[in-house]
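There are 2 protein chains.
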Amino acid sequence: MTITEVSRRYGLSADTLRYYERIGLLPPVPRTAGGIRDYDETSCQWIELMKCMRSAGVQIEALIEYVALFRQGDTTLGARKQLLIEQRSQLIARMAEMQASLERLDDKIQRYEQMIAEKEALPQG
Amino acid sequence: MTITEVSRRYGLSADTLRYYERIGLLPPVPRTAGGIRDYDETSCQWIELMKCMRSAGVQIEALIEYVALFRQGDTTLGARKQLLIEQRSQLIARMAEMQASLERLDDKIQRYEQMIAEKEALPQG
DNA sequence: ACTTGACTTGGAGTAGGGTCCAGGTGTTGA
DNA sequence: TCAACACCTGGACCCTACTCCAAGTCAAGT
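From first to last, the protein sequence lines stand for chains A and B.
The numbering of the first sequence is my numbering, which starts it at 12 and goes up by one.
The numbering of the second sequence is my numbering, which starts it at 12 and goes up by one.
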């Protein structure tokens, strides 16, 4: 698969795909003899994973480290697990903050509804 | 209250508080005769609100607009409500993405646990 | 063989959201 | 009244995460 095809498939720009590979957020992608990227299923799975993690706000730093550990082989299984656990807890913390904001927004929206209803019940002027 | 006190109270740097006011994310804060910020309860409530919204990832743009509408008075009640509804739905969308990532992380962590357990069950070498 | 269009790299530029600093003013205690 | 310190403003700088560009190469059709 060319970069353009992968770009369409995952909704990430070709620039972003190249950028991700350059910084090590994706392992090196296979190339044709001429040096052109030729994404295989494994590459696509990495892309899908990273897209998912990034869309949830997981830091690029952490993902780069995960890829680096992965590339070092089986001796890093424990470290990778720890890294994921750490990211998981950060994710949960952020979701809790968002939940608090959501409740607050709901509350405010309700109050606005009430205020608007009250205003409309009054004679104008 | 001085900016330092408010900074400590909410865990936002004095620079950030000044920045927020400058860009209109906070309404103008009362000043002493000498021009020094003297935060009152209303200011603090705004700060608390903005801290909450920002920590949930609500865009500064949207919050600035909310403050601007607020300062225009009662005629903007409807617009403010709409703005909050829009932010609420964005928040929910982001939380859904995070939930998906969380499940994926949990899954991966479990697999690592299994892989590590299997490896330890083998004789080394 | 040549055009056309997608692909390559390295590096510069951008947007969002702060953070830091210099040079100056206000405030307080000795 | 003066030292010491907090506060002020405007503007430069920083970080993250892309995004764009120039100059060059590869590939497919004619």
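FYI, nobody ran anything at the bench for these hints, they're computed from the structure.
Mixed in with the good hints there might be a few duds.
Result set (DSS-like, lysine-lysine): computed pairs, CA atoms no more than 30 Å apart in a straight line [claimed, not checked]: (1) A:62 <-> B:62; (2) B:92 <-> A:92; (3) A:119 <-> B:92; (4) B:119 <-> A:119; (5) B:119 <-> B:130; (6) A:119 <-> A:130; (7) A:92 <-> A:62; (8) B:130 <-> A:130; (9) B:130 <-> A:92; (10) B:62 <-> B:92; (11) B:130 <-> A:119.
Practice problem: Starting from residue 62 of chain B, check that the Cα of residue 92 of chain B is at most 30 Å away, please. | Solution: holds (19 Å)
Quiz item: Is the straight-line distance between the alpha-carbon of residue 119 of chain B and that of residue 119 of chain A 30 Å or less?
Solution: violated (38 Å)
Quiz item: Is residue 130 of chain B within 30 Å of residue 119 of chain A, Cα to Cα?
Solution: violated (53 Å)
Quiz item: Hey, residue 119 of chain B versus residue 130 of chain B, does the alpha-carbon distance stay inside 30 Å?
Solution: holds (16 Å)
Quiz prompt | 30 Å limit on alpha-carbon distance, applied to hinted pair residue 92 of chain B and residue 92 of chain A | solution = The hint is violated at about 44 Å.
Practice problem: Compare the distance between the alpha carbons of residue 92 of chain A and residue 62 of chain A with 30 Å, and conclude whether the hinted pair is satisfied. | Solution: Judged against 30 Å, a Cα distance of about 19 Å means the pair holds.
Practice problem: Quickly compare the C-alpha distance for residue 62 of chain A and residue 62 of chain B to 30 Å and report which way the hint goes. | Solution: holds (28 Å)
Self-check item: Distance restraint between residue 130 of chain B and residue 130 of chain A, which requires alpha-carbon spacing of 30 Å or less
Solution: Given that 30 Å is the threshold and the Cα spacing comes to 69 Å, the pair is violated.
Quiz item: Does the alpha-carbon distance linking residue 119 of chain A and residue 92 of chain B stay inside the 30 Å limit?
Solution: holds (8 Å)
Quiz prompt | 30 Å Cα cutoff - pair residue 119 of chain A, residue 130 of chain A | solution = Within the cut-off at roughly 16 Å; holds.
Quiz item: Hey, residue 130 of chain B versus residue 92 of chain A, does the alpha-carbon distance stay inside 30 Å?
Solution: holds (14 Å)
When each numbered hint is compared with the structure, violations occur for hints 2, 4, 8, 11.
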